[in-house]
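Chains A and B are the protein sequences, given in the same order. By the numbering used here, the letter at position 278 of the first sequence is numbered 450, and the numbering carries on one by one without gaps. By the numbering used here, the letter at position 134 of the second sequence is numbered 136, and the numbering carries on one by one without gaps.
A couple of the hints might just be wrong.
[To be verified] To give an idea of the chain A side of the interface with chain B (calculated C-beta under 8 Å), a few residues: (1) Q237; (2) R268; (3) P288; (4) G332.
[Unchecked claim] Here's a subset of chain A near chain B, in silico, CB distances under 8 Å, partners left out: (5) L239; (6) L240; (7) D266; (8) A269; (9) A277; (10) N287; (11) S437; (12) S440.
For the record, the hints were derived by calculation from the structure and aren't laboratory data. Just so we're clear, the structure is a prediction, and the values are computed from it rather than from any experiment. Each residue gets a CB set at the ideal place from its N, CA and C atoms; glycine is no exception.
Chain residues, written in single-letter form:
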Amino acid sequence: MTPPATFDQPDTSILSIRGLHVRLSRDGRPSTVLDGIDFDLDAGEVVALVGESGSGKSTIGLALQGLLPAEAQPEISGSIRLAGREIVGAKPHDLRAIRRSLVRAVPQDPMGALNPTMSIGKQLREGGLSADEVVEWLARTGLPAPQRIAAEMPHRLSGGQRQRVLIAMSMAARPRVLIADEPTTALDVTVQAQILTLLKDLAREHNTAILFITHDLAVAAELADRVMVLYGGRVAEVGNTTTLIGAPLHPYSAGLLSARFDLDSDRSRQLGTLSSEQRRARPNGAHCNYVTRCPLAGTDCAERRPDLVRQPDGRQVACFHADRVPDLLAQSREAPAWPEAAAGDANALELYRITKSFGSGGGLFQRPRQTQVLAGIDLRIQQGECVALVGESGSGKSTLLRIAAGLLPPDEGDVSWFGGVQPQVVFQDAVAALTPWLTVDEQIRDRLRPLGLSRAEQNSRIAAALELVGVDPALRNALPSELSGGQCQRITVARAVIVPPRLLLCDEPISAMDVSLAAQTLNLLGSLRRSLGMAMLFVTHDLAAARLIADRIAVLEKGHLVEIGEPDQVISAPQAPYTKTLVGAVPRLAS
Amino acid sequence: MAAYLFKRLGGLVLVLVVMSFIVFCLQAIIPADPARALAGPSAPPETIAQIRTELGLDQPLLAQYGTFVRHLAEGNLGTSIRTRQPVAADVLKYGPASLELIIAAMLLGTSLAFILAFAQTTMRRSGAVRLGMLAAGSFPIFLTALLLAYFLWFKLGWFPGSGRLDIRRFTGPTGLFVLDGLLLGRPDIALNALWHLALPALTLSVPIAISVGRSLNSALVDVLRQPYIRTAHGKGLSGGRIFLRHGLRNAASAPLAMLGLQVGLLYGNLLIVERIFSWPGLGLYTVQSFASSDLPAILGVAMVFGAFYILMTMLVEILQSVADPRIALR
């Protein structure tokens with residue numbers, strides 16, 4: 173552990189990070205997660221920490237609390253000064269005191285973050301609150317009937333309510349710094365906006381600085397004074413929110429921005445994506461972390477590491493070619509248009525009065541409780557058409573997809589496919605949808621066996637399918653565990669379309685992806701369905717994705733189809749009150 | 003809660019009725035003649051016929067079953083052929099000794115389970131503990147009993163190897179001698195009873211300690227990785243408090259279920275342990291009944307243990323729902 177470097181901490185800053193390096197081991201192999209972070213946070217300031225999964229953004233949050241997971245055998249060096257107290261190398265006793273009063277965290281998943289066997293009130297009192305203060309703080313987070321909530325056990329509350337409890341728990345300690353690690357990703361869109369507003373208001377009231385960890389630039393734009401973009405454990409770019417989002421200077425920030433889509437994106441063409449999963453091999457020795465994916469990378473990027481350089485407008489960027497980024501952005505706005513679609517008039521899928529209920533409980537003497545999940549759904553998808561099915565969790569959209577796929581029988585109603593051929597499905601968790609011990613080649617080849625093709629014909633079909641989904645044919649003999657999540661999703665798509673189905677069903681295929689990967693997957697699915705003339709049912713909770721990919725949007729609320737129509741019509745003039753709520757809750761960059 | 007108890011007790015009655023039917027069928031099928039057994043080998047046929055009438059053995063089977071169930075409902079488990087006493091009276095006489103042994107074994111087993119699980123969860127190198135548990139767990143119970151008796155009684159003489167007390171003919175209000183000694187103001191008797199309990203209770207506790215300990219350890223390892231443990235750390239609580247207040251209670255459910263299962267399996271081990279340590283309880287009583295084909299006694303004790311098992315399961319379920327409010331009793 174190196175001794176903390178001497179540096180002058182600006183008077184206004186509550187938190188100063190200097191030269192922070194963190195190495196964590198996974199399965200016994202150590203890897204550098206944070207690679208020299210320098211950063212200051214002012215009192216009461218809101219800073220968004222933006223980056224994709226694996227960028228090290230959550231590790232910064234944990235390091236600030238001295239809570240790096242012990243099983244990962246963390247090696248940490250550098251300095252973290254919080255309100256004048258050094259955290260790196262602090263004794264456990266001092267760290268506990270710091271956690272009690274100086275730094276608190278609101279976690280990503282409110283469902284797991286509360287002790288299931290302790291009442292809400294007791295968990296809040298553990299932090300040093302009196303019973304009256306508990307009720308007062310619960311009320312301040314906008315929870316109805318705080319007295320009753322305090323007496324409840326966590327499992328009786330909804331996700332949004334639990335997140336409010338956790339915010340109350342953190343803010344009641346009046347910390348100087350609050351770490352909010354993707355606090356809304358596990359919540360429904362309608363709740364997300366309320367939670368963000370609550371966080372911002374409370375922080376302003378108590379002059380608490382917030383480090384807001386997110387992968388979504390639009391969320392960052394709504395909330396933060398400054399944005400810090402993190403890539404591969406290093407700061408790519410830091411700056412004032414409006415400047416950075418208006419004109420990013422690092423190719424990675426530009427990539428995040430161009431790949432991001434919302435309700436105002438151009439849906440007549442594909443999304444602009446600037447980075448690929450892997451463009452070139454990682455060089456040995458010092459190099460820019462982003463060199464493997466960067467569209468601007470030159471030889472200098474593979475030989476030297478760019479430092480953070482202060483720009484005339486005050487922001488800092490770590491890129492040798494920052495001057496070329498604006499051109500790159502302009503170029504990305506001219507993304508290719510969608511290919512011509514081949515449509516027919518026959519129905520690829522016809523759902524007629526689908527009803528489904530699930531029973532729960534029940535026993536020898538008690539009738540099970542029936543919960544109706546789908547109540548008489550009628551839906552037709554024409555050949556070559558894409559219908560997006562949107563709704564919150566629990567609205568029944570995944571159940572409807574499974575019925576349409578023939579994986580689940582409906583209680584009542586009929587499902588019919590064009591030509592009676594069962595459709596193909598692309599699932600949300602691509603890694604789980606692949607058999608772990610079969611190679612890419614074997615997984616795809618299984619679909620060709622019934623066709624009676626020769627071995628050579630099969631090989632050329634597989635090569636063509638991999639080419640179609642943009643996977644390097646060299647990966648044919650790889651196992652799923654050797655591939656990235658994005659590559660796995662491409663393989664599942666290749667497997668589905670190698671024998672082009674009349675109908676492709678997609679169950680939240682992008683919900684677990686970061687922006688650039690999501691954009692690439694949307695481009696892929698949107699192009700494929702047009703060029704192959706497939707009909708598609710695209711289930712998602714993301715209205716912006718639905719609008720981009722689909723010809724029609726169907727809105728599902730508690731098992732009822734409340735609205736169906738052209739995407740722009742549904743979004744600009746929603747008819748059902750539920751649709752209005754959904755549309756209003758989507759964060760927009762422009763606003 | 004009331005509805006749950008009502009349901010479970012109803013279930014208890016149902017199980018007892020089914021068991022009684024099986025027991026009755028066994029008695030009817032097995033070609034042993036209780037009348038002849040009672041009368042003795044040299045009795046004249048008239049005496050046997052008379053006993054037959056007294057016992058109702060000349061009645062049709064269904065009527066015999068009716069009588070059997072009526073007797074059961076009155077707490078009459080039949081008459082032991084060996085002791086010539088009502089089985090119910092024998093159960094009351096020998097039951098307390100077994101109950102005392104079971105309680106001691108459960109308390110000892112649970113404490114050992116805690117120690118083992120704690121050592122395994124917190125120690126950096128827990129391989130030795132794990133290996134020791136594996137070795138001890140692979141021993142059959144009679145070997146454990148014999149080894150403990152050989153070393154701790156025969157070689158070292160630390161603990162007695164048989165009986166419940168050094169004093170003969172002691173009787174107390176409850177029949178649990180440790181408790182009786184305390185109630186009667188005779189701590190010397192309580193201590194002496196405890197001293198005698200040591201070896202048989204330790205033997206019986208080994209399988210409990212190992213299975214419950216292993217289950218508690220794996221539950222703890224899982225629970226300590228949960229996000230709410232990080233939340234607790236984030237509040238600045240101390241490690242000990244987090245382990246006790248947030249870890250242990252959430253890990254309780256699986257080991258409790260294991261404890262219930264082990265107590266249910268205790269009956270088989272009880273026969274062996276009471277026999278080896280000459281412990282005058284229901285286990286020894288059953289072994290002796292086997293030797294003299296005393297069917298009413300064997301089946302009566304089996305019914306008592308069946309009921310005991312159901313009550314223990316119920317207790318475990320109640321404890322589980324106390325530990326974890328998400329488990330609803332129904």
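Checklist entry - Holds or violated: is the Cβ of L240/A closer than 8 Å to a Cβ in chain B? => result Since chain B brings no Cβ nearer than about 11 Å to L240/A, farther than 8 Å, the hint is violated.
Next on the checklist: Given a cut of 8 Å on the nearest C-beta pair, is the interface hint for G332/A held or broken against chain B?
Outcome noted: 17 Å, violated
Next on the checklist: Holds or violated: the hint that S440/A contacts chain B, with Cβ atoms closer than 8 Å.
Outcome noted: 43 Å, violated
Checklist entry - Taking 8 Å as the limit, does the beta-carbon of L239/A come near enough to a beta-carbon in chain B? => result 6 Å, holds
Checklist entry - Does P288/A meet its interface restraint, that is, does its C-beta lie within less than 8 Å of any C-beta in chain B? => result Because about 6 Å separates P288/A from the closest Cβ in chain B, which is inside the 8 Å limit, the hint holds.
Item to check | Given hint Q237/A near chain B, where the shortest CB pair must fall under 8 Å | outcome: 6 Å, holds
Checklist entry - Against chain B, is A277/A within 8 Å by beta-carbon distance? => result 5 Å, holds
Next on the checklist: So, as I understand it, the hint says A269/A touches chain B; can you test that by seeing if any CB pair is closer than 8 Å?
Outcome noted: 7 Å, holds
Checklist entry - Given N287/A as an interface hint, is the shortest Cβ-Cβ distance to chain B below 8 Å? => result N287/A check passes; min Cβ-Cβ to chain B is 4 Å, inside 8 Å.
Checklist entry - Going by Cβ atoms only, is D266/A closer than 8 Å to chain B? => result With Cβ-Cβ at 10 Å, over 8 Å, it is violated.
Checklist entry - Is the hint on S437/A kept, meaning its closest Cβ partner in chain B is under 8 Å away? => result 34 Å, violated
Item to check | R268/A as chain B interface residue, shortest Cβ-Cβ below 8 Å | outcome: 4 Å, holds
Checked against the numbered hints above, the structure breaks hints 4, 6, 7, 11 and 12 and satisfies the rest.
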